[in-house]
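Enquirer: One letter stands for each residue in the lines below.
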Amino acid sequence: MLYFSKLRILFITFFSLLFVLIASSNLFKFDDSFFDKKINLGLDLQGGSYLLLEIDNTPVIEQKLQNLTTSIRNYFKEKDIKINNIKIENQNIYFNVLEKNKQTIIDTFTDENSDINPYYPRFKSHQLEIEDTGLNFKLNFSRQGLIVLKTSSQDQAIEIVRRRIDEVGTNEPNILKRGNNRILVELPGLDDPMRIKSLLGKTANLTFRFVTNDNNDSFGVEKLKFEDGIDEATVSKRIIISGDNLLDAQPKMDTQTNQTIVSFSLDRVGAKRFGKATSTGIGKQLAIVLDGKIISAPVVRDTIASGSGQISGGFTFQTATDLALLLRSGALPAPLNIIEERTVGPDLGQDSINAGMIALAIGFLLVIIFMFVKYRVFGLITNVTLIINLFILLGILTLFEATLTLPGIAGIILTVGMAVDANVLIFERIKEELRDENNNIVAFDSGYTKSRTAIIDANITTLLAAIILFFMGSGPVKGFSVTLGVGIFTTLFSVYFIARLFTSLYVSKNRDKEKLI
Amino acid sequence: MISFNKYYNHFNVVSSLLIIVSLVLLIFKGLNFGIDFKGGTLIELRSIDTKINVSSLRDKFSQMDLGDVSVKKFGNDTDYLIKFENKDNKKNIIEEIKINLDKSFGNNFNFRRVENVGPKVSSELLKSGVIAISLSLAAMLFYIWIRFEWQFSLGAILALFHDVIVTLGVFSLFSLEINLSIIAAVLTIVGYSMNDTVVIFDRVRENLRKYSDIKIFELTNISINETLSRTIITSATTLLALLAIYFFGGEILKGFSLAMILGVIFGTYSSIYIANTVLVRLRVSQKTVLREDNEK
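Chains A and P, in that order, give the protein sequences. Each residue of the first sequence is one higher than the one before, starting from 1 at the first, in this note's numbering. Each residue of the second sequence is one higher than the one before, starting from 1001 at the first, in this note's numbering.
No lab work stands behind these hints, which were simulated from the structure alone. In this text, all values refer to a predicted model and were calculated from it rather than measured experimentally. One should not assume that every hint holds.
Claimed, not checked - List time: in silico BS3-like cross-link candidates among lysine-lysine, alpha-carbon distance up to 30 Å:
1) A/K293 <-> P/K1120
2) P/K1091 <-> A/K177
3) P/K1073 <-> A/K223
4) A/K37 <-> A/K64
5) P/K1038 <-> A/K431
6) P/K1210 <-> A/K515
7) A/K150 <-> P/K1090
8) P/K1098 <-> A/K202
9) P/K1038 <-> A/K150
10) P/K1210 <-> A/K177
11) P/K1073 <-> P/K1006
12) P/K1254 <-> P/K1215
13) A/K431 <-> A/K374
14) P/K1254 <-> A/K150
15) A/K138 <-> A/K79
16) A/K450 <-> P/K1087
17) P/K1103 <-> P/K1072
18) A/K202 <-> P/K1120
19) P/K1098 <-> A/K293
20) P/K1254 <-> A/K450
21) A/K150 <-> P/K1098
22) A/K431 <-> P/K1120
23) A/K150 <-> P/K1287
24) P/K1073 <-> P/K1215
25) P/K1103 <-> A/K431
26) A/K177 <-> A/K102
27) P/K1091 <-> A/K225
28) P/K1090 <-> A/K202
29) P/K1098 <-> P/K1060
30) P/K1127 <-> P/K1091
31) P/K1090 <-> A/K177
32) A/K374 <-> P/K1215
33) P/K1090 <-> A/K450
34) A/K223 <-> A/K237
35) P/K1091 <-> A/K64
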């Protein structure tokens, strides 16, 4: 156990120096991209906002069911089958048919090439499940059908979220999917997430619809409130243009009225429809509806064929800017709820870094003094190893550009405390061996060998805990598991290569000395 | 040599009492869950104006209709920690609080930290915390079952349960807050306590193979003594590191390091006085390890 070949010594020296160099790249700037890596600071250390958003898919599901009832009715009408009493209740579609049509209905919905009920071969499942009691049918989304629906709404939502955050222009945002209905947003350096929260809290579903008094409008009507929450108007459900037709939207100052407005331009389809609607609807009120509320309902005075227009509604410059931003980035498929928020101000982050570093320095110093007092020369060896160990640990974290959090720093300090364990196990074993053995070399050798199982056992148990924490923990706590886990490997390396190398050099020089340890 | 084995029975009674008291506390008093597990809002404030005191701040917050609000000093004299349930999950609550505070105290506050955890997330976090602890116990059980004979596994697991339950018992007794970092601490305690037990067990097994004529009662004592200086040194350095975190690592890490400190102390104790006594009570002998050796 004490013999080292020249090659191995070279390797150990090289390896240690490499990681010292990588670790120090956090302090200096290197031109080489390999060395110019840095440990990322977690949001708890650099300050910033963490938001977990959940997509409320209920409206999406209901809309989809609504569309389905229409297409089912039309589909079977072509086949001369009459669907009776079709209705939606608790996210199920109910309907009944005549006896002679029953089998056709079942066959159509369970056919793998069904046009009306898509089949997902990958999941061996249809989009919809059908159940029948007599001539009454119940349709609802299958598990896979729901997953497909949710995933697609998540895909759309994350795109919109990304666009909105990019428009605000924050520093390196991190936007990730979580499960099939959540989106995680990390905004480093942002200490007041108010604006982003309010931007993400809006669906931004914009429609232009005529105000009507005709309750028999063939598209149906609904009563909507104005932004002030008091006035109401009856609005047709027929959508003239929607947010999808917008090409651009910008806040502007209307020089005539001195009001802040949002001006927009439409795509070709939108411009055509807008032109047609404004030419036939002169004198009517056109309501501009955002997320179920009327922003304003101006009277159409002229045909607008240019494909551009403006929205006024008593905006301040800020609200106009935000509305324009929302319209540019598009509507969310479903509302988002912020279900978790953690924001740390930059000064608390800096305080945490300082406190962590002071604790690390003091913990390190205490351990070093303790080891030196207890073991003298071998304490010194342990201490030098401990320092190199720390560098290697930081080096690995740097190399993988890992995220360092406050609990992560605690993990490093804890590693310092526990790293000496392996060396202590070895040294104590050597002491025992020296009681019956006069030859230093033999005693050291068997001390290393006999303590090995205990050391490996002990480290595996801590590693198991760290691994479980890594997979179950979230955010800052995950950082703790990373430093603790990586710390185990660096400790084993430094104990078995670096400390053993030093020990071997020292023992071979002093092989005849008594009471070596 | 210290005769640890003289007190095996005494300390078994002590351990049992500790566990019973802790369980009673956990069942009847329960744990003081922080917002991570209970849901709600937390704000860490720093006031620039030193004239503002905790009672005026408390009065102001109780007027804000936030439900059950707790306002406490946090570390420094100028720092405060405010917690409330935020039952209706109001969206602009932080903004409202800012406006309210500005009105009464002027613009004298710095919002250092804001955390808001919805009820769904908090129950998920609690669930995953419980799963994580159970998983780690199961993983330890599995590992030690592979490495040692079943009598050893039982001893180690009992020691682990003791450490986790008694540490949580202390948290319950003093109503210390349980948050995400405490779960991390408990998991680390599980690892550390196991580590400590395994080192002694390793020696017990080695001695069992070596000596056929020494009874397990004596043999555990010999093994404890042989590994004692290691046990003390490692516990000492780990505690030194943890004390450094506790006193200098800032308020946020206080609970975490306290849990770890308790865990290290209980873990060291249980390795000696629970894990080993199980071996004695199960009358482990040389045959136990030799049988296993033959099978392998």
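Enquirer: Please flag the earlier hints that this structure goes against, numbers listed from lowest up.
Expert: Hints 3, 4, 5, 10, 11, 12, 14, 16, 20, 21, 22, 23, 24, 25, 26, 32, 33 contradicted; others consistent.
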